[in-house]
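As they're listed, the protein sequences go chains F and D. Just so you know, this note's numbering puts 23 at position 23 of the first sequence, and the rest follows in order with no gaps. Just so you know, this note's numbering puts 1154 at position 154 of the second sequence, and the rest follows in order with no gaps.
Treat the hints loosely; a few may be bogus.
[Stated by the list, open to error] Just so you have them, the derived chain D footprint on chain F, three or more residues with Cβ under 8 angstroms:
(1) 62 to 70
(2) 139 to 149
(3) 168 to 179
Because the hints were derived from the structure by calculation, they are not lab data. None of the values given here were measured: they were computed from a predicted structure. Just so you know, even glycine gets a beta-carbon here, dropped at the ideal spot from N, CA and C.
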Amino acid sequence: MIFRAVEETDLIRQAARGAVEAYNLLVSRWEKRVYNYLLRITGNREDALDLTQDVFLKAYQNLRKLDDPARFAPWLYRIAHNEAYSLFRKRRPESDVEELELEATETSVLVGGSSVFPIELGLAVASALERLSPEQREAVVLKIYQGFKFEEMAEILSCPVSTVKSRLYTALELLKAELAPIKARGLS
Amino acid sequence: MSCSPFDLRDFALKELSETERQQVEAHVRGCASCREEVERLRLTEAALFALRDEEIPQRIAFVSDKIFEPAPWRRAWAAFWGSTARLGFASAAMLSAALIVFSLARPAGTLRGPVTARVNPPAAVAPVSEAEIQQRIQAAVDRAVADHEARLQKVFDERVTEIERRNEVTLLRAASELNFMQREQMALVRSSYTLPRTGNGEYK
């Protein structure tokens, strides 16, 4: 049983019927990705871990409401997104969440983790990401690091695909200017 | 502004269909500015991957807490069917219960006495005692042993007779040889030995 490849949709169906072991296996498959998504949009490891716990609890309690098991990933990230923004609202209730700059986004957090790239590049990337708006940064995280399609991102962020594209394209232009500047023509 | 048939950012982000992707690739091969743009987008993406995922500091384990699990009857049912040991114990308990029920429900008196098989002996055969059987067996064994020993003795005697006959022949041959050799030796001695004679040829 341990070594048998188990389809995710089967696990989701079993978990929805109350199979705790199936849900544990689902959690083990997704916890690292969800944690890193939350870490990159909150910039705080403790917050990311607490939110990850909350996300999986909420997902377990609402798993029966998931009609299509194939949509589990965007559904799970939608919960993660909502949990993160709930936290932001609690912390700064007077601010408009859409304009909220994520606090405690530390460069060390963004650079953290093992990397085969030079530390200078990691710092440059972290710095470039910090300069993005929260929405732009979240779009980059969902697309580049989590590999979602535009439609899935729209579902997660609860916004039109056009909005997703707009945020992502703007973010890409900014990142490109920082990380891949145009070569000075005529110079070797 | 790009002159590509499709957005190069969608191309770099792998959001184009296979056909669209091939069209962009064909365009980029002949367009230096679009090729440079695609290269910059790829560099940007590669740079972003300088930030790797972190390991989660601790595993998510809240589902082991019973309070988060489904209804009690569902938990009990899942625990029951999820445990091989419990299932085995339950099977053994059911088997034991079935045995008890069977023993209690069985009609009384069915198996009161020991089961005995009745075999009628043939009328024509006279009863023979155990001692007589043993005596007959012993007699048969004695006869067989005696016959066997007699056969062995006969073979032994024949072998001894044969050996004695062969020995006698050999001795006779040896004696004959010895006699022949003695006579040969005597002849040799006689031929080599001459009595002293006188001048006129007579024996001294």
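Hints, verified against the model:
1. Counting residues of the stretch 62 to 70 of chain F whose beta-carbon sits less than 8 angstroms from any beta-carbon of chain D gives 0, not enough to reach three: the coverage restraint is violated.
2. Taking a C-beta to C-beta cut-off of 8 angstroms, the stretch 139 to 149 of chain F contributes 5 residues in contact with chain D, enough for the three needed, and the coverage statement holds.
3. Counting residues of the stretch 168 to 179 of chain F whose C-beta lies closer than 8 angstroms to any C-beta of chain D gives 6; at least three are required, and the coverage claim holds.
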